[in-house]
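There are 2 protein chains.
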Amino acid sequence: MPTIYEIAKLAGVSPATVSRALNGTGYVRAELRERIRAIADSMDYHPNSLARGLLNKRTYTLGLVVPDITNPFFPAVARGVEDVAHTNGYGVILCNTDGNLQKEAKYLKMLRTKRVDGVVFTTSRVQASHVQDLLNAGVPVVLADRRLDVRCDSVSADNVDGAYQAVGHLLSLGHTRVAMITGPANLTTAQERLEGYKQALCEHGIAFSPRLVLEGDFRQESGYRLARDIVRMDPRPTAVFAANDLMAMGVLMSLEEQGIRVPEDMALVGYDDVVLSRVTRPRLTTVAQPKYEMGAIACELLISRISHPEKEPEKVVLKPRLVVRESSVVREVEQMSRLAMAKKTGRTGATGGNNRNGQDT
Amino acid sequence: MPTIYEIAKLAGVSPATVSRALNGTGYVRAELRERIRAIADSMDYHPNSLARGLLNKRTYTLGLVVPDITNPFFPAVARGVEDVAHTNGYGVILCNTDGNLQKEAKYLKMLRTKRVDGVVFTTSRVQASHVQDLLNAGVPVVLADRRLDVRCDSVSADNVDGAYQAVGHLLSLGHTRVAMITGPANLTTAQERLEGYKQALCEHGIAFSPRLVLEGDFRQESGYRLARDIVRMDPRPTAVFAANDLMAMGVLMSLEEQGIRVPEDMALVGYDDVVLSRVTRPRLTTVAQPKYEMGAIACELLISRISHPEKEPEKVVLKPRLVVRESSVVREVEQMSRLAMAKKTGRTGATGGNNRNGQDT
DNA sequence: TTGCGATCTCATAGATGGTCGGCATCGTCT
DNA sequence: AGACGATGCCGACCATCTATGAGATCGCAA
Numbered sequence: 001m002p003t004i005y006e007i008a009k010l011a012g013v014s015p016a017t018v019s020r021a022l023n024g025t026g027y028v029r030a031e032l033r034e035r036i037r038a039i040a041d042s043m044d045y046h047p048n049s050l051a052r053g054l055l056n057k058r059t060y061t062l063g064l065v066v067p068d069i070t071n072p073f074f075p076a077v078a079r080g081v082e083d084v085a086h087t088n089g090y091g092v093i094l095c096n097t098d099g100n101l102q103k104e105a106k107y108l109k110m111l112r113t114k115r116v117d118g119v120v121f122t123t124s125r126v127q128a129s130h131v132q133d134l135l136n137a138g139v140p141v142v143l144a145d146r147r148l149d150v151r152c153d154s155v156s157a158d159n160v161d162g163a164y165q166a167v168g169h170l171l172s173l174g175h176t177r178v179a180m181i182t183g184p185a186n187l188t189t190a191q192e193r194l195e196g197y198k199q200a201l202c203e204h205g206i207a208f209s210p211r212l213v214l215e216g217d218f219r220q221e222s223g224y225r226l227a228r229d230i231v232r233m234d235p236r237p238t239a240v241f242a243a244n245d246l247m248a249m250g251v252l253m254s255l256e257e258q259g260i261r262v263p264e265d266m267a268l269v270g271y272d273d274v275v276l277s278r279v280t281r282p283r284l285t286t287v288a289q290p291k292y293e294m295g296a297i298a299c300e301l302l303i304s305r306i307s308h309p310e311k312e313p314e315k316v317v318l319k320p321r322l323v324v325r326e327s328s329v330v331r332e333v334e335q336m337s338r339l340a341m342a343k344k345t346g347r348t349g350a351t352g353g354n355n356r357n358g359q360d361t
Numbered sequence: 001m002p003t004i005y006e007i008a009k010l011a012g013v014s015p016a017t018v019s020r021a022l023n024g025t026g027y028v029r030a031e032l033r034e035r036i037r038a039i040a041d042s043m044d045y046h047p048n049s050l051a052r053g054l055l056n057k058r059t060y061t062l063g064l065v066v067p068d069i070t071n072p073f074f075p076a077v078a079r080g081v082e083d084v085a086h087t088n089g090y091g092v093i094l095c096n097t098d099g100n101l102q103k104e105a106k107y108l109k110m111l112r113t114k115r116v117d118g119v120v121f122t123t124s125r126v127q128a129s130h131v132q133d134l135l136n137a138g139v140p141v142v143l144a145d146r147r148l149d150v151r152c153d154s155v156s157a158d159n160v161d162g163a164y165q166a167v168g169h170l171l172s173l174g175h176t177r178v179a180m181i182t183g184p185a186n187l188t189t190a191q192e193r194l195e196g197y198k199q200a201l202c203e204h205g206i207a208f209s210p211r212l213v214l215e216g217d218f219r220q221e222s223g224y225r226l227a228r229d230i231v232r233m234d235p236r237p238t239a240v241f242a243a244n245d246l247m248a249m250g251v252l253m254s255l256e257e258q259g260i261r262v263p264e265d266m267a268l269v270g271y272d273d274v275v276l277s278r279v280t281r282p283r284l285t286t287v288a289q290p291k292y293e294m295g296a297i298a299c300e301l302l303i304s305r306i307s308h309p310e311k312e313p314e315k316v317v318l319k320p321r322l323v324v325r326e327s328s329v330v331r332e333v334e335q336m337s338r339l340a341m342a343k344k345t346g347r348t349g350a351t352g353g354n355n356r357n358g359q360d361t
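Going line by line, the protein sequences match chains D and F. Per the working numbering, the first sequence starts with residue 1, numbered consecutively. Per the working numbering, the second sequence starts with residue 1, numbered consecutively.
Note that these hints are calculated values from the structure, not bench results. For every residue, glycine included, the Cβ atom is placed at its ideal position computed from N, Cα and C. Some clues are possibly wrong.
Under the rule of at most 20 angstroms between Cα atoms (straight-line distance), these lysine to any residue pairs were calculated in the SDA-like manner [unchecked claim]:
1. Lys198/F - Glu221/F
2. Lys57/D - Asn48/F
3. Lys106/D - Thr176/F
4. Lys109/F - Thr87/D
5. Lys106/F - Lys103/D
6. Lys103/D - Ala76/F
7. Lys106/F - Gly89/D
8. Lys103/D - Arg211/F
9. Lys106/F - Gly89/F
10. Lys57/D - Leu101/F
Not everything, but these chain F residues come out facing chain D in the computed CB check (under 8 angstroms) [to be verified]:
11. Gly53
12. Val92
13. Ile93
14. Lys114
15. Leu187
16. Thr188
17. Leu212
18. Met249
19. Arg283
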């Protein structure tokens, strides 16, 4: 690894001149600058960001803390963060905490010794005190997908609105008994989605019944299990709103086994729009979160805060979007089926019709 | 951010003593050491890895280069890399190249100025010269999921064997006309899978027919498109082996539209075992790659190479594993259906029976 | 008890690679 | 002649580690 000293020696100038020539700062004769650049290239010179960072207190490195990159929600967010970081000359260090506070603490310690310029938290379960410690130490923090009672920037999606849209969709289709499977009661995302459910009911003049609300844990198995309870209710609900797609998937499986047709006998809506929801049968109606944008905006907020540490914290709230597919609307399914028939020739339907069981609908 | 100087002043000792006390190197009176540690803690001291790295030429940071973390194959690999890195005190910088050589070059430049201790390439398309440049500069490199004609460590899965297992499975079920949809001919993974297909045929005494092999591009649409060609063949094949799950998914959709039942009229096997393949209907028989292990082993190789730069390169080859689900075996489907019937009570089948369309089978 | 080497304990002085302000020099223009 | 711009060097500085060595302490043998 060559240094500016070696380049300086070869070029017959001082190291400082090399520095200025390569960075384009200060006065360096154009011809000399080119010569120095050529020498640097030929030596495969790469500036040492350690030495640089030591001096100007900037590492151009960010931390990204997620619970688990393997969870289908996070790669998109991470990609958003990473893209924005990269175009601004920053690198991103990935940290998987598994929602474990000890691991979280350990990672934060590492990020601090590495002197990262800022941290993006993309996770629904963060220790507020950890974030506060970071802020106290002067490390900018942006929260994504979660607001916390801490004075810092954040990006989140409007879970109340998302749930409101989903349930409103079901109600406007004529359903009056809509069951809900919520997430863990201590998570704000779960609480907000329940709130949206209530609001939608209220607006449609339907009384809220706590008996129709069952608490799941965001995992598939809980949806599978609770679907049985819903089916046994009397009168039986005609629609289910699951607070995330994984649980909706469990519901789908359970209903299938019980011979209950979706959406004819029971409509179903999920939340998150994970890839999976596009390939289930019937395909899942769900609420899409702008995952990539969340990450991208979080990173933009972070970078802007790095250069303006004192500005007022921004709280960005993004709008979720209802994606209507087959698990909620009978009409669509028939249409799909017709499309599939009519389309033996074209290939427009690569992601289209999948209803081979006409007799079911 | 306090430094050892400030701690030294408070403790009334020299900075060097603080350094030795905190690092446990050299001689420091036990009582003094404790006092220094207490002061450091109370000041929320975090050593500056820049200064440290500048001196001992170790950053404890690794680079991880993937095409796109959003592609379902990579999060698992990344997680494997990150876990091993973390337990060894390393941080991981994530780089998404999108298979774009310019971006790849730009990222590598960044990794070099950051003086990472090593790089894991987890991608099927790497520029050999980039890797060679890195190695020439003394930066250790490990390739995951890809072997390259370069002298460095690598981890990969045995694609020949995986395809061999997949096709062998179909042949042993009695199929004699097995079509294959390959990947882009210039990718080694695609070539190897084709080779496995040939070997399996050969071993079962079936002549290889080039007419049964169609070239796809690893994307869903190509599977969808080529499935029509396969259906039109005369005599029509009774089974299809797709070189990855995405293409298999396209085949599935196409067959569905054409009213061809899977697996009764046409058996189907994919490759990769992406999550999606567990929720299609019928669920996809496929070849699972040990993704997490690939990442973990790659990182272990890398870390061991960092401390032993001169040892012989290791080429680790992992075994893929055939996962038999419903798209290939008729019997299983029936069994599932029976299970589903019998299981109105238990919940063993959360991921089990999904066949509500008895009349289809 | 003394003497001497071995072991502790800690401070000083670079060194790491790069940046930046200050300053000296030189040429040119007014 | 004086001023000013262009050019390039010098030295300080960033936070930490390590080699070196000075002084203190201790054990053990004489």
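So, going through the hints one by one against the coordinates:
1. Lys198/F - Glu221/F: violated, 25 angstroms
2. Lys57/D - Asn48/F: holds, 11 angstroms
3. Lys106/D - Thr176/F: violated, 57 angstroms
4. Lys109/F - Thr87/D: Holds. Lysine 109/F to threonine 87/D sits at ~14 angstroms (cutoff 20 angstroms).
5. Lys106/F - Lys103/D: Distance of about 31 angstroms is beyond 20 angstroms: violated.
6. Lys103/D - Ala76/F: Given that 20 angstroms is the threshold and the Cα spacing comes to 19 angstroms, the pair holds.
7. Lys106/F - Gly89/D: This hinted pair holds, its Cα atoms lying about 10 angstroms apart.
8. Lys103/D - Arg211/F: violated, 55 angstroms
9. Lys106/F - Gly89/F: Judged against 20 angstroms, a Cα distance of about 26 angstroms means the pair is violated.
10. Lys57/D - Leu101/F: Distance ~31 angstroms between lysine 57/D and leucine 101/F Cα, so the pair is violated.
11. Gly53: Check passed: Cβ of glycine 53/F comes within 5 angstroms of chain D, closer than 8 angstroms.
12. Val92: holds, 5 angstroms
13. Ile93: Holds: closest Cβ of chain D sits about 5 angstroms from isoleucine 93/F, inside 8 angstroms.
14. Lys114: holds, 5 angstroms
15. Leu187: violated, 22 angstroms
16. Thr188: Where the cut-off is 8 angstroms and the nearest Cβ of chain D is about 25 angstroms from threonine 188/F, the hint is violated.
17. Leu212: violated, 22 angstroms
18. Met249: OK, holds: methionine 249/F within 8 angstroms of chain D, min 7 angstroms.
19. Arg283: violated, 11 angstroms
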